[in-house]
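Construct the complete structure from the given sequences, taking the supplied hints into account.
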Amino acid sequence: MENRIAPLEGACKNYEEDLVLYYYGESGTEERSAMERHMAQCMPCRKFVDDLGRVLPQMSSKPEMPQAFWHSYFRETIEKLDEQEARQSWWRRWFVPMNGWLVPAFGTVAVAVLAIVLVIEKRDVVSNIDTASANIPAEVLVDSNQLEFFKSLEILESLSTLEQQEGVKPERKTSFNDSGRGAKAVA
Amino acid sequence: MKTRKLFLAIISFVLLLESSALAASDDWRKLNPKEKDKIRRNYERWEKLPPQDKEHLREEWDRWNRMPQDQRDRLKQRFNDHRGNRD
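In order, the protein sequences belong to chains A and B.
Letter by letter, the first sequence follows residues 6 to 192 in the numbering used here.
Letter by letter, the second sequence follows residues -15 to 71 in the numbering used here.
There could be a bad hint or two in this list.
[Stated by the list, open to error] Partner residues aside, some chain A positions facing chain B, computed with beta carbon under 7 Å:
#1 Asn140
#2 Leu146
#3 Ser149
#4 Leu152
#5 Phe154
#6 Lys156
#7 Leu161
#8 Leu164
#9 Leu167
[Said to hold, decoys possible] Taking beta-carbon pairs under 7 Å as the criterion, some of the chain B residues facing chain A (in silico):
#10 Asp11
#11 Trp12
#12 Leu41
#13 Glu44
#14 Trp45
#15 Arg62
[Claimed, not checked] With a straight-line cut-off of 25 Å between C-alpha atoms, the simulated DSS-like cross-links for lysine-lysine are:
#16 A:Lys156 with B:Lys18
#17 B:Lys32 with A:Lys156
#18 B:Lys22 with B:Lys38
#19 B:Lys18 with B:Lys32
#20 B:Lys38 with A:Lys156
Simulated from the structure, these hints should not be mistaken for laboratory data.
Glycine included, C-beta positions come from ideal geometry on N, C-alpha and C.
Take a look at the structure:
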């Protein structure tokens, strides 16, 4: 392998980092002088800096790709895009061209249908209420307790009599014309 | 996006109002025409009653609601029998 990079030989452990900074020219003036003084006496460190000058440019060089690679890369990209387009679902292909008007149109139709349904439903409720309950206030119609009260009105009027006939002593003797405290839950 | 959220909020509010109105009138709607007519007649009669009679009936209603279910059923049966005999 002709491009194989030879490994760096070790420098003094204490100086390794500073030597890298020295190589890149990023050490201060004093450190630089200290490095130079040290390298004048230390052969491995000098060799380390020389090796950095040999190895680092090789590491940072970009590999030159052959033209055939770029042709194949372009072809593969186009093929993948075609495949992705072919995978799109039928409804998406159908909807996308109409996206401009279909969504607002659908929304408008939905609102119109909803409005019609609500109006018809309302009319039905109102007519249901109106025919049989012309004189009954709405608060009675929506209160099941009051509806039950008016449904049972005849029994309530005869309640004491019914109890007497059954031989049960009424809980509290009341006459029809009695007045007193009463439940305010009805009417 | 803001308009869409506002639109959805308005629609939800309208639906909520509508459904609550429908639910409220549901008890009345469930009644059959005979029951509705009976309630209407009784309400009209009630309206014409003097206040003390109304008060008495409210008390009777309270008492009726406090009764055990079996007693209520018996009295209701007796009332229906009487009415049947009268009719």
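Hint-by-hint comparison with the structure:
1. Hint on A:Asn140 holds. Least Cβ distance to chain B is approximately 6 Å, under the 7 Å limit.
2. Given the 7 Å rule on beta carbons, the hint for A:Leu146 holds: about 5 Å separates it from the nearest Cβ of chain B.
3. For A:Ser149, the interface hint holds, since its Cβ comes within 7 Å of a Cβ in chain B; the closest pair sits about 4 Å apart.
4. Interface restraint check for A:Leu152: the shortest CB-CB distance to chain B comes to about 6 Å, inside 7 Å, so the restraint holds.
5. Satisfaction of the interface hint for A:Phe154 is found here, the shortest Cβ-Cβ separation to chain B being roughly 5 Å, below the 7 Å cut-off.
6. Annotation: interface hint on A:Lys156 holds; nearest CB of chain B at approximately 6 Å, less than 7 Å.
7. Given hint, A:Leu161 at the interface with chain B, holds; its Cβ is 4 Å from that chain's nearest Cβ, closer than 7 Å.
8. Evaluation of the A:Leu164 hint against chain B yields a held restraint, the C-beta minimum of about 5 Å falling below 7 Å.
9. A distance limit of 7 Å between C-beta atoms decides the matter here; for A:Leu167 the minimum to chain B is near 5 Å, and the interface restraint holds.
10. Among the interface hints, the one on B:Asp11 holds; its C-beta lies about 4 Å from the nearest C-beta in chain A, closer than the 7 Å criterion.
11. Hint status for B:Trp12 relative to chain A: holds, with the closest Cβ pair at about 5 Å, below 7 Å.
12. With 7 Å as the threshold, the beta carbon of B:Leu41 comes within range of chain A, its nearest partner Cβ sitting at about 5 Å, so the hint holds.
13. Hint status for B:Glu44 relative to chain A: holds, with the closest Cβ pair at about 4 Å, below 7 Å.
14. Below 7 Å, beta-carbon pairs count as interface contacts, and B:Trp45 has one with chain A at about 5 Å; its hint therefore holds.
15. Residue-level restraint check for B:Arg62 holds (minimum Cβ-Cβ distance to chain A is 5 Å; threshold 7 Å).
16. Restraint check: the Cα-Cα separation between A:Lys156 and B:Lys18 comes to about 11 Å, which is no more than 25 Å; the hinted pair holds.
17. A threshold of 25 Å between alpha carbons decides the hint, and for B:Lys32 with A:Lys156 the separation of about 17 Å falls inside it, so the pair holds.
18. Of the supplied pair hints, the one linking B:Lys22 and B:Lys38 holds, its CA atoms being roughly 18 Å apart against a limit of 25 Å.
19. As the CA atoms of B:Lys18 and B:Lys32 are separated by approximately 22 Å, the hinted pair is consistent with the 25 Å bound.
20. Taking the CA atoms of B:Lys38 and A:Lys156, the gap is near 15 Å; set against the 25 Å cutoff, the hint holds.
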